[in-house]
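Following the hints, position chain S against chain D.
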Amino acid sequence: MAQAQVQVTGVEAPVTISRTSTAESVRELSVSGLFKSFGKDKGILHGISFSVHRRESVALIGSNGAGKSTALRCALRLIEPDDGSVHLFDDEITSMQLSRLRKVRADVGFVFQKHNLVPRISALSNVLHGNLGRVGGMRGWSQLFASTALRERAMSCLDRVGLADQAMKRADQLSGGQSQRVAIARALMQEPRMIVADEPVASLDPIAGQEVMELFHQLTQEKGITLLFTSHNVEQALAYSDRVIAIRRGTIVLDAASNTLSLSDLSKHYG
Amino acid sequence: MADTGRPRGEELPGRFKRPGVFQFCAYVLLVGFVILSFQGAGWSFSAILFGGPAMADFLSRAWPPSMERLPQLSAALLETFQMALAGTIIGVVVSLPLAVLAAKGLSRHTPISRIFYSSSRLLIAFFRTVPDLVWALVFVITVGLGPFAGTLAIAVDTVGFCGRFFAESMEDVEKGPSEALTAAGASKLDTIFCAVVPAAMPSFITTSLFALEKATRSSVVLGLVGAGGIGIELKVAMDFFDYQLAMTIILMIFVLVLCVERLGSIARNRILEGTPR
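Chains as they are written, first to last, in our numbering: chain D, 1 to 271; chain S, 1001 to 1277.
Chain D on its own, in the form it takes in the complex (with noise of 0.2 Å):
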């Protein structure tokens, strides 16, 4: 097993993370030839190629509009790709029917930026809702009409990301990092093989942020999860990542473990 020492600064106190890589040899995704443009002129993916296997972190990087949350979003098929193939789990998903699909998303737990939480109803409604993608209708909706059982699930998946006590506040009287929390506990709540995360601490202060990222680390060592997901952050994406992929203009140019990188081998990719 790969093992990495990374120093993250930008913190109050720096913080060392010492990463054991679970990587197995299993793809849990597998992305080949993906090409996609918003209308002519706009090519945003060339044809990229790239794998995640179980138990494992990888990181994706570049700069802004180098097609990193157009890759993450086409994975799921939340935008048709123009063209390639997409391997999920044990499934080629890129021509599959829309009933099924949605299965295969529920074992994904996608954690978006701006936390994308359902404002005005409660945390623990919301996290309810990771739920939808295995009990749908009003059971599925909101606290009120779910079971007792799923209840409980949703107040444990809170208490893992420790935000019990705030179940029954409103969404949008969270704060930045509480929100993003209590996003993670939506994915928490999917029982998901695997987190996509496009950029999680993107909008959080670097305490905040810091915070996320080590929940992330400690969720994939302790549940065996596979993580994706993209970041800005070059320290955070070499200590929390068993390896790194970094896009420039829709193509990949960098595919290796991160223990053989260095800050300034990924900070060539921006700019």
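No lab work stands behind these hints, which were simulated from the structure alone. Among the hints, a few may not be true.
What the hints assert, rightly or not - No more than 30 Å apart at the CA atoms, straight line, and that leaves these computed lysine-lysine pairs for DSBU-like:
#: 1; chain 1: D; residue 1: 169; chain 2: S; residue 2: 1175
#: 2; chain 1: S; residue 1: 1188; chain 2: D; residue 2: 114
#: 3; chain 1: S; residue 1: 1175; chain 2: D; residue 2: 40
#: 4; chain 1: D; residue 1: 42; chain 2: D; residue 2: 114
#: 5; chain 1: S; residue 1: 1188; chain 2: D; residue 2: 169
#: 6; chain 1: D; residue 1: 42; chain 2: S; residue 2: 1104
Quick caveat, the model's predicted, so the values are computed rather than measured.
The following block gives chain S in isolation, referenced to the frame of chain D:
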């Protein structure tokens, strides 16, 4: 030469952009049409001036208001509000599913969805463009004289009003929460009810309460064509030159509409600040 702090070579932008020939002609035509509209509407300052004594005569004959038929008028006023409330509730309930179908981007991109989208938008537009008084006349013919015809007219008018605003508010909600639920494997219906509807709820509440205020005012007028409520009492009083009774009715309507507006405003604030679900 004084230093203006402006980068050299950069001209100060003009305060207004000079309109093109076509745009200028359009402005002139618009102003001309507005002037013609006042003429077409028979706008007359002299009529207002000479109408003053007639108004003073009416007010002197209408004052003091008559209290003779207060119990009967109160019952008619209550009926007016009941028509407005029932009609608004029915209208809001019917509006919701119609608005979901009529909101751009909520339904899938299939030919059937497109048919539903176009039909629901057309239906809402039809309900909205035909005035409530015309609906009242239609329902008086269909279900007979009385408050039921008025309630139906208000319901249809509310569908036209709320359907449009509900659909627009759902189109305007932030797409992030919907995307998050789609990514979690939620169905389209779950996404609409869990992400879109809660986000649009403040707008739904505001629109519904405005619809109730509008319906309260409308329900008075609907009585004039026999669709129930206090309107018919007002018409009879005016026809028989019983201006004191007419003044009583006008003041009662004023108090009712004022109360509905005030209570609507309080309810709106209370609901919007309410506890989460």
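Legend entry - Ascending list of hint numbers which this structure does not respect: none
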